[in-house]
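Engineer: Here are the chains, one letter per residue:
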Amino acid sequence: MIDKFVHSMADAMTGIADGSTILLGGFGDVGIPTPLLDGLIAQGARDLTIVVVAGGRDGSAIERLLSLGRVRKMICSFVRPASLAGRLFQRGELEVDVVPQGTMAECMRAAGAGITGFYTPTGADTLLAEGRETREIGGKLCLLEYPLPGDVALIEAWNADRWGNLTYRDSARNFNPVMAMAAKLTIAMTRNVVALGELSPETIVTPGIFVNRVLHVPL
Amino acid sequence: MAIAPLDRNGMAAWCARDIPEGWLVNLGIGIPTLVADFVPAEREVLFHAENGVIGVGPAPAPDAVNPFLINASTTHVTLRTGGSYVHHADSFAIARGGHLDLCVLGAFEVAENGDIANWARSADEPVKQIGGAMDLAIGAQRLWVVMEHATKDGQSRIRQRCSYPLTAKGVVTRVYTNLAVLDVTPSGFVVRDMIPGMTLEALQERTEAKLHAETKA
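Residue numbers (the numbering used here), protein chains in the order written: chain A, 1 to 219; chain B, 1001 to 1217.
Some hints here could point you the wrong way.
What the hints assert, rightly or not - Straight-line alpha carbon distances no greater than 30 Å define the calculated BS3-like cross-link-like pairs of lysine-lysine that follow:
#1 LYS1152(B) with LYS1169(B)
#2 LYS4(A) with LYS184(A)
#3 LYS140(A) with LYS1152(B)
#4 LYS1169(B) with LYS140(A)
#5 LYS1169(B) with LYS1210(B)
#6 LYS1210(B) with LYS1152(B)
Claimed, not checked - A few chain B residues facing chain A, derived, Cβ under 8 Å:
#7 GLY1010
#8 HIS1088
#9 GLY1132
Since the hints were made in silico from the structure, they are not lab data.
All C-beta atoms in this analysis are idealised placements derived from N, C-alpha and C, irrespective of residue type, glycine included.
Can you make the complete structure from the sequences, with help from the hints?
Structural biologist: Structure (structure tokens):
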């Protein structure tokens, strides 16, 4: 019987190695798997690269992880200078790679989809393209981008069954489905547990084949 | 006649007036977000939010906030009947793939060749804040900018060439400022509308780029 449920945070976090690249779902305060991030903090992995839309608000779990010095590099689309990430970066204590948000999503999609590189017009005419490979395609200058795979993805779901089939709540979907596809080890937390067969096949957003572990974290 | 520059809501309303029924529209953060408030509910315009919402509705009543539903400004919103959700890669496929009839962004500067600068005031700025602007700017069928005509210290934001790092080249098609509506054309900025009391000469005095009068067909 396939059963991807784990029954403790420690089991959910088993095997996350130092130096891992961690994909973190969420946008704003919505869809961020904060309990899993707290679990990662307790688990102790360090020298991490985290991939997340923005640098983390004051008091957020991302900020807690940064404040403990556990993150070497952050790949994101947006950092506020006054945030902890912004201050760590300016002090040389954190590497930050700022990527256009759509490119970031597509790089992870490419990683999950086996696309080894792609050209996009996004950013091609900007200083982000300096020193990088560009090419004119169909009259548009385009920039070569590479896939962005994760060692681990931390996902927030709304419903999950024991095969790891997931649905999301409203705009909490955001990065979670592409990150689930792009990581070697996808760990989802779910607010609700449903029996296998209860989710209509037409409404499953992330099929369980992309999910390795599920932890039930009730609201 | 004394001139009264528009406030943020005035600029948003000016822009909203020109959005026809049926368009799919992405609104950037800041003044553009206000535009939705000035599109009457009976005019069916679909608003797209980069975090994967198609059919963004107005703000919820204080006692009816859905904590799982926000827009790109991370403000709580509602979903219109008929709305839908997509994940982030599909949301930006909508933007990049030319599926947006219109994107409305704020900016620091717009140039007469359609260049837009809206993410950094200097190439040396240590901390970068790009977000989704570059993807939205290159992908939408039309890119309109809503911004003040000048900076707080009086520098024109309507320019021959942008002085700040570019978000994208040659993409802006129209600008709504607190003084005028300008179209970006192959011959430069064409003045489509001005606030009451404003003249082309007075507007030109406040504008670094050359302005052209609209030629009546």
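Engineer: So which of the earlier hints does this model not fit?
Structural biologist: Violated hints: 3, 7; rest satisfied.
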